[in-house]
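Protein chains in written order, with the working numbering: chain A, 120 to 416; chain B, -17 to 266.
Any given hint might turn out to be false.
Computed cross-link-like contacts, SDA-like style, restricted to lysine to any residue with a CA-CA straight-line distance of at most 25 Å [claimed, not checked]:
#	chain 1	residue 1	chain 2	residue 2
1	A	LYS124	B	VAL168
2	A	LYS410	A	PHE293
3	B	LYS(-12)	A	LEU171
4	A	LYS316	A	MET296
5	B	LYS(-5)	A	SER295
6	A	LYS124	B	LEU224
7	A	LYS316	B	LYS(-13)
8	B	LYS18	B	LEU247
9	B	LYS(-5)	A	ILE318
10	A	LYS316	B	LEU(-3)
11	B	LYS(-5)	A	PHE324
12	B	LYS261	B	SER159
13	B	LYS259	A	GLY235
14	A	LYS182	A	ASN373
15	A	LYS301	B	ARG(-15)
16	A	LYS410	A	LEU145
17	A	LYS410	A	ASN287
18	B	LYS(-13)	A	VAL298
19	A	LYS126	B	LEU(-3)
20	B	LYS(-5)	A	ASN373
21	A	LYS316	B	LYS(-16)
22	B	LYS34	B	LYS261
23	B	LYS(-5)	B	THR8
24	A	LYS180	A	GLU299
In case anyone wonders, no lab produced these hints; they're calculated from the structure.
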Amino acid sequence: MPVSKRKIIDTISHGWMLVSLTVVLLIPFMIGLGLVLKSLPILQQENLLRLLVDSDWHPMKGKFGFLPFILSSVYVTLLSFLIAAPICLLSAIYLTQYARGWLLQVMHPVIDVLAGIPSVIYGVWGILVIVPFVGNFIAPLFGTVSSGYSLLSGAIVLAVMSIPFILNLLIEVFNSMPVELKEASLSLGATHWETIKYILVREGFSGIVAAIGLGISKALGETIAVLMVVGNVVQIPKNVLQAGYPLPALIANNYGEMMSIPMYDSALMLAALILFVIVLIFNVFARLVIKHGGSRR
Amino acid sequence: MKRRKKIEEQFFKGLMAASTYIIMITLLYLIYVIFKQGFRALTWEIVSQVPKGGYYFGEEGGILNAIVGSFYIAFGATILALLIGLPVALFMNVFLTRHQSALNNIRFFLDVLWGVPSIIYGAFGFALMLFLGLRASLLAGIITVTLLIVPIMIRSMDEVLRMVPGGLLEASYALGSTRTEISFKVFCRQTLPGMITAILLAFGRGIGDTASVLFTAGYTDYIPESIMQPAATLPLAIFFQLSSPIPKVQERAYASALVLTLIILFISILARVLSSKYKEHVIK
Chain A
120 MPVSKRKIID
130 TISHGWMLVS
140 LTVVLLIPFM
150 IGLGLVLKSL
160 PILQQENLLR
170 LLVDSDWHPM
180 KGKFGFLPFI
190 LSSVYVTLLS
200 FLIAAPICLL
210 SAIYLTQYAR
220 GWLLQVMHPV
230 IDVLAGIPSV
240 IYGVWGILVI
250 VPFVGNFIAP
260 LFGTVSSGYS
270 LLSGAIVLAV
280 MSIPFILNLL
290 IEVFNSMPVE
300 LKEASLSLGA
310 THWETIKYIL
320 VREGFSGIVA
330 AIGLGISKAL
340 GETIAVLMVV
350 GNVVQIPKNV
360 LQAGYPLPAL
370 IANNYGEMMS
380 IPMYDSALML
390 AALILFVIVL
400 IFNVFARLVI
410 KHGGSRR
Chain B
-17 MKRRKKIEEQ
-7 FFKGLMAAST
3 YIIMITLLYL
13 IYVIFKQGFR
23 ALTWEIVSQV
33 PKGGYYFGEE
43 GGILNAIVGS
53 FYIAFGATIL
63 ALLIGLPVAL
73 FMNVFLTRHQ
83 SALNNIRFFL
93 DVLWGVPSII
103 YGAFGFALML
113 FLGLRASLLA
123 GIITVTLLIV
133 PIMIRSMDEV
143 LRMVPGGLLE
153 ASYALGSTRT
163 EISFKVFCRQ
173 TLPGMITAIL
183 LAFGRGIGDT
193 ASVLFTAGYT
203 DYIPESIMQP
213 AATLPLAIFF
223 QLSSPIPKVQ
233 ERAYASALVL
243 TLIILFISIL
253 ARVLSSKYKE
263 HVIK
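The following block holds chain A by itself, in its conformation from the complex (with noise of 0.2 Å):
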C-alpha cells in the first residue's frame, strides 16, 4: 500500500515542528556562547574580577574598567523602582480592590496600548518633560546645578515605561487570588484595609516579589530611553543629580569605533554578557518564584 499524501505531509511538518523548536531553544545558548567567544580575548589578558571593581575607563590606552557602567546601572535601577513599585502596589490594589468596575475596565487597554509604546517614544517625553524639569526644578531645589541629563531624570523615565509592565502583572496577581480569601477575612470581622493588607498582600507577595523582579530585570536591560536623558559621562556618580552611564549605554553608544581600538570590542561584548547573566539571573528568580507561588495552594 502507498504511504497516502497526508502521511507524507503529516511526517514534513512534524519534522519542520522540531526543528523550530530546537532552534528556538538554542537561541539562548547560543547567544551566551556567542558573547562568551567574543569576550574571550579580554578575559585572558585581565582578571575579570579586577574589571568588575576597576573605575578607570579610557580604552585608548587599554584600561577597561567596568564599575562606572555597573554602579550607574544600579542607581537607575534601584531608583525607578524605588518610584514605581509603591506607585504601582498602591494603585493595582486600589483598581482591583476599591474602584469600580469601569475604571478597570477603561484602564486595562489603555495600559496594554502604552507597555506597547516603543522606549524610544519615552525617550523623546523624558528629552522633553522629564529633562527640563530635574533641571530646573529638582536641581535648584537641592540647591545644586543640574543639566538635567543625570541619573534622576533616567531613573524617572524608566519608572513611567515600567509602570504600565508591573501594573499589569500586579492587577493579575490580586485578580487571581480566589475570592473566599476575602470573604473569610471579611466575614470575621476585619475591615476592608485589614483584609488587603493581612490576608491579600500576604497571600500574593510571591507574586508581588516576582512582578517587581521582572519589572527590575526589564529596567536593568532597557538601552534606549535611559541613554537619552542619562548624560552618558564616564564617572563614579556621587548624587543622582550627576550625569551617569549604564552598561546598556556603554554598550548602544560605542558601536561604531570599537572596531578601531583592540580590545575595545571584546570589552563591549563582556558588557553585554555581564548584563545577560544578570538579567537572567533575575528573570529565572522571579519566574521561579511565579512557578512555585502558583503551586503552593
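Given chain A's structure and the hints, the job is docking chain B onto it.
Chain B alone, transformed into the frame defined by chain A:
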C-alpha cells in the same frame, strides 16, 4: 481604636486613589506631549520624501526612508518569526499535550527568553553578522529582530492555543485526522482571533525596537533596494535626529515619534478589531 482603623483605611484609600490617578495623568500627559510636538512638526513633505543633504544636517526632506525601512524589517522579521514560531506553538499544544513537565519547562524557557533585553540581541546579532561575513544590512536587521520577537510570538500564541478545549483534540483524532491536520485546520482556525493578535503584537514590538537594529541594520538616507543594503528605521531616525544640533532636524524627530506612535496605536486597534471580527469561526 476603631477610629484609628477608620482613619488608616481612609488614608491608604486616598493614597491608592492618588497613585492610580497619577499613573493615569502621567501616561495621558505622555501621549499628549508626543502628539502636540508631533502634529506641530508633521508635514506632508516629511512623510513623503527621503532626507536631502543627510539625515543629520540636512534641513530639507523627510523620513520616508525610515518609514519604509521599518516596515521592511518588521514585515520580514514577522514572516520569519511566523515560520518558526507558529510550528513551535502548535507543536507544544498538539504534540506535547501529554508531556506536561516538558511543556512547563519550554514555557519557562520562553518566558526567560522574553525577558532578555533587546540590546543583548543587538550585540549578539552584530557578532553573528561578523561571523557570517555580513555587513550592516536589511538582512542582518531582519534576522536580529526575528530572534527578538520569536519568543514573544510563541508565548502569546501558546496562551491562546492552551484555551482550546481538549475535547476538540479528541474529536479530531476520532475522525481520523493526522496531527498536522488538527494543528492547521482545527487549532489554527479555532484560535484565529488570538493568533492575529499575537502576530500583530510581535509586529509592533519589531517595528518599535531600537537597540536591536542599532548595530545590525545600519542607517542610510535612501530606501534600500536589496536585502544586502543598509536600511533606516523609525526608532533610529528619532534617536539620531533628536541629537542633531539643527532645530529643523529635531522637529523632524518629533514628527517621526508621532508617526511611530500612530503606527503602534493603529496596530493595537487593528488587533482588537480583527480579533473580534474573526470570532465567528470559533466553536464555543
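Taking each numbered hint in turn, which are not upheld by the structure, reported in ascending numerical order?
-> Failing hints, ascending: 3, 6, 19, 20, 22 and 24.
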